[in-house]
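Q: Take the given structure of chain A and dock chain B to it, following the hints.
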Amino acid sequence: MTNGSGSTSIGMTRLAGLIAARIGLLLAFLAAWQFLPPASLRFWMSGPVQIVERLWSWIADGSLWPNLFATLLAMALGYVIGTVSGVALGLTFGFLPRFHRVMAPYISGLYALPKIALAPLFVIAFGIGIESKVALVAVTVFFLILNATLDGVRNVDRDLVQALSLMGATRLEVIRKALVPGALPWIFTGMRISVRYAFSNTLLAELIAANSGIGYLIEYYSGTFDAAGAFAAILVLVICSVVLTELLTRVETRMARGRG
Amino acid sequence: MVAADSETAGAGSEKIRLAGAGKRFATRGREVEALRPTDLEIWPKEFVALVGPSGCGKSTILNMVAGLLQPSEGVVLYNGAPVAGQNTRVGYMTQKDTLLPWRSAADNIRIPLELKCRGVGRAEAASRVAQIIDLVGLTGFEHHYPSELSGGMRKRVALARTLIYEPETLLMDEPFGALDAQLKLLLLDQLQSLTQARGMTVVFVTHDLAEAITLADRVVVLSARPGRIRAVRAIDLPRPRDVFKVRFTEAFAHLHEELWEELKDEVAKGTDV
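Residue numbers (this note's numbering), protein chains in the order written: chain A, 1 to 260; chain B, 1 to 273.
Only chain A is shown next, with the shape it has when bound in the complex:
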């Protein structure tokens, strides 16, 4: 990322300056937040010290972990279920093009639907526990992955398929040897994009109705007019998304290198 300029002394100085500027800006922002607001606004805005204190108290008494775990578990389960079923149906459609033609309008109709609209229904069906979040995330990811898989299958050169079947390949062999490997880059792209959707939809589902999770904490503390609590939960969220983005970037770079 530093393009080797970090090895020269000028590059090092510049980098140090950049980091100093960033930290300075952050400190100035935090100081302004802490000291500038008048007492009348303090109730709504809380302050960095109070927020960190609150977060620390959650860590100290261990109450943060079940909520963090609930959010991450719902996201992970929904992601895995959605990915597996999306790939499976996408390949089935590749295998049975006529079935796909029948289903296509319904699939694209449901694909366009903002899945968050289903969240209240999932709460009715599965309750306010983790199941309704898993369901929402799974449905969201499912359609993204299904479309990615279909794009991938469509993108496989028809001539390759034809060549394979002229060699005597069965349909299953055509799928295994041409469609799956050909669609794989598309599926990976879909999986990468889906992580972000899975994360935000888990949160949204928790905000609507939940009994645990980071979204639940935000909703709960906002409901009790406890700004420090709500901000502390948001801080957890910021840390989570930074970690997630960083992980994704690493995976992407590795994949790009592997393909190039």
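Bear in mind the hints are in silico, worked out from the structure with no lab data behind them. Ideal Cβ positions, reconstructed from N, Cα and C, are used throughout, including at glycine. Mixed in with the good hints there might be a few duds.
[Stated by the list, open to error] Pulled from the structure, derived: some chain A residues nowhere near chain B, Cβ distances all over 10 Å:
(1) G62
(2) S63
(3) F188
(4) L235
(5) L244
[To be verified] Not close to chain B: a few residues of chain A, all C-beta gaps over 12 Å, as computed:
(6) G24
(7) I59
(8) V80
(9) V102
(10) L166
(11) I193
(12) L237
[To be verified] Examples of chain A residues toward chain B, derived with CB under 8 Å:
(13) D151
(14) L160
(15) Q162
(16) A163
(17) S165
(18) M167
(19) G168
(20) A169
(21) T170
(22) E173
(23) K177
(24) A178
(25) P181
A: Coordinates of chain B only, in the frame set by chain A:
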């Protein structure tokens, strides 16, 4: 079709037979006749070259023999039976190479042997792949991916992949069209010896008359669109032919001149040459 079937049951032992086979395509609501109803017999172990200007229906004939296209009229017979659906007895080397980009050269060549319908064991497949790689001169490039190979190398991979499962009939659609002259001769030489050694029937489409005469037992000249057979000429040059020198012989020059007389008007007529 049923009538044609029974009628041809005792028609002889030709490998491929076009019986009044023609093809029309509908493009933008207009019907274009690609191939006039055509009669042609190709015998077992025969090497037939189809020459003609672009768009004369050469590829259409191959596609019909491979079962990728159905004739609009007439019938195409293979081993005496109408071709219905993809004809897996032929090896088809198309103009465009259809290598799988995510497989190395050796892995591409091995594909036909991996298929259940052949059931070749791992060890045997490996030794056959090694053998054919040596044969087409790809040694040292086994682990290269298609994107890392030159056009000529890719053609060799495609040729090796077609030859490795020893299909009884080889359909080739301008397989070496885009290659430089020396490399082309080298591959033609390999093709001649391989197909002769294995007693394959070959239908070879080209627009290069010299290439056709060099390799073929019979050259079929097709007219410009709509395609029809304009001339058929047996090539009685003795085998094995030296592909590097045969074109400088007097007999070759005569054949070339004779066939060029047939071809030149058609080339002039072919608008999209």
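Q: Hint by hint, note whether the structure agrees.
A: So, going through the hints one by one against the coordinates:
no. : hint : in the structure
1   : G62  : 48 Å, holds
2   : S63  : 49 Å, holds
3   : F188 : 13 Å, holds
4   : L235 : 44 Å, holds
5   : L244 : 29 Å, holds
6   : G24  : 49 Å, holds
7   : I59  : 47 Å, holds
8   : V80  : 25 Å, holds
9   : V102 : 24 Å, holds
10  : L166 : 5 Å, violated
11  : I193 : 22 Å, holds
12  : L237 : 39 Å, holds
13  : D151 : 17 Å, violated
14  : L160 : 5 Å, holds
15  : Q162 : 7 Å, holds
16  : A163 : 4 Å, holds
17  : S165 : 5 Å, holds
18  : M167 : 5 Å, holds
19  : G168 : 4 Å, holds
20  : A169 : 5 Å, holds
21  : T170 : 6 Å, holds
22  : E173 : 6 Å, holds
23  : K177 : 7 Å, holds
24  : A178 : 7 Å, holds
25  : P181 : 5 Å, holds
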